[in-house]
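Colleague: All chains should be modelled from the sequences, with the hints used to inform the complete structure.
Given next are the chains, with one letter for each unit.
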Amino acid sequence: DAKTTQPTSMDCAEGRAANLPCNHSTISGNEYVYWYRQIHSQGPQYIIHGLKNNETNEMASLIITEDRKSSTLILPHATLRDTAVYYCIVRVPHAGGTSYGKLTFGQGTILTVHP
Amino acid sequence: EPEVTQTPSHQVTQMGQEVILRCVPISNHLYFYWYRQILGQKVEFLVSFYNNEISEKSEIFDDQFSVERPDGSNFTLKIRSTKLEDSAMYFCASRSFRQTDNQPQHFGDGTRLSIL
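Residue numbers (my numbering), protein chains in the order written: chain A, 1 to 115; chain B, 1 to 116.
It is worth saying that the hints were derived from the structure and are not from the lab.
Some clues are possibly wrong.
[As the list claims (entries may be wrong)] Where chain A lies over chain B, by a calculated footprint (3+ residues, C-beta under 8 Å): (1) 34-45; (2) 62-70; (3) 88-96.
[Claimed, not checked] Residues of chain A placed beyond 12 Å of chain B at every Cβ, according to the derived structure: (4) M10; (5) D67; (6) T79.
[As the list claims (entries may be wrong)] Among chain A residues calculated to face chain B with C-beta under 8 Å, some are: (7) C12; (8) A13; (9) H49; (10) G101; (11) F105; (12) Q107.
Computed from a predicted model, the values in this text were never measured in an experiment.
Cβ atoms here follow ideal geometry from the backbone N, Cα and C, with glycine treated the same way.
Modeller: Next up, the structure:
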């Protein structure tokens, strides 16, 4: 699976949009981009994933550049409860590889939302 | 919304003892995983399980570890003879299957294992 690079930490004011970048310049054509977050040692929580089109759900939006070498997770109106470590993970589908879907977590981005 | 549930939330065990961590995956999911996170470190993959057998395991998952799906609902991780360095949070995850196989894994809230 391709390696990802994320900033170590970011701050955001409550109510503002939080834009978390991720670089995955070695991503291959069949690899998906997944975002998870982990709040204070709870289990990682799935947020969103995509292949090449932008995606939106009730939690966030995912913007993937046209060359797919980077992406941005957008939390449109950050709240204090969004303070967490955010992980960007690239994974090849099982059908296209031998990983059987394991996720490789990096250090992630510590997002702190301030009042 | 369906959840992955793990029990117990905290397990304290003497070094050398056996421990079993339990997980109830989401009911229609077919792939099951265990991860661990030592305090202050990254979440690490341990093992994946599909069709009643291990499909992949990491170097961490040595002979002291085993997994089992004893019935249609539970998925367990056993550590045969615990060591101090096994102290960590252990997370179970599950995933459904679709032809495109891009379904995300969903995690439980973990079991904190403390070895004394």
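Colleague: Give a verdict on every hint.
Modeller: Tested hints:
no., hint, result
1, 34-45, "holds (count 6)"
2, 62-70, "violated (count 0)"
3, 88-96, "holds (count 4)"
4, M10, "holds (18 Å)"
5, D67, "holds (20 Å)"
6, T79, "holds (19 Å)"
7, C12, "violated (23 Å)"
8, A13, "violated (28 Å)"
9, H49, "holds (6 Å)"
10, G101, "holds (6 Å)"
11, F105, "holds (4 Å)"
12, Q107, "holds (6 Å)"
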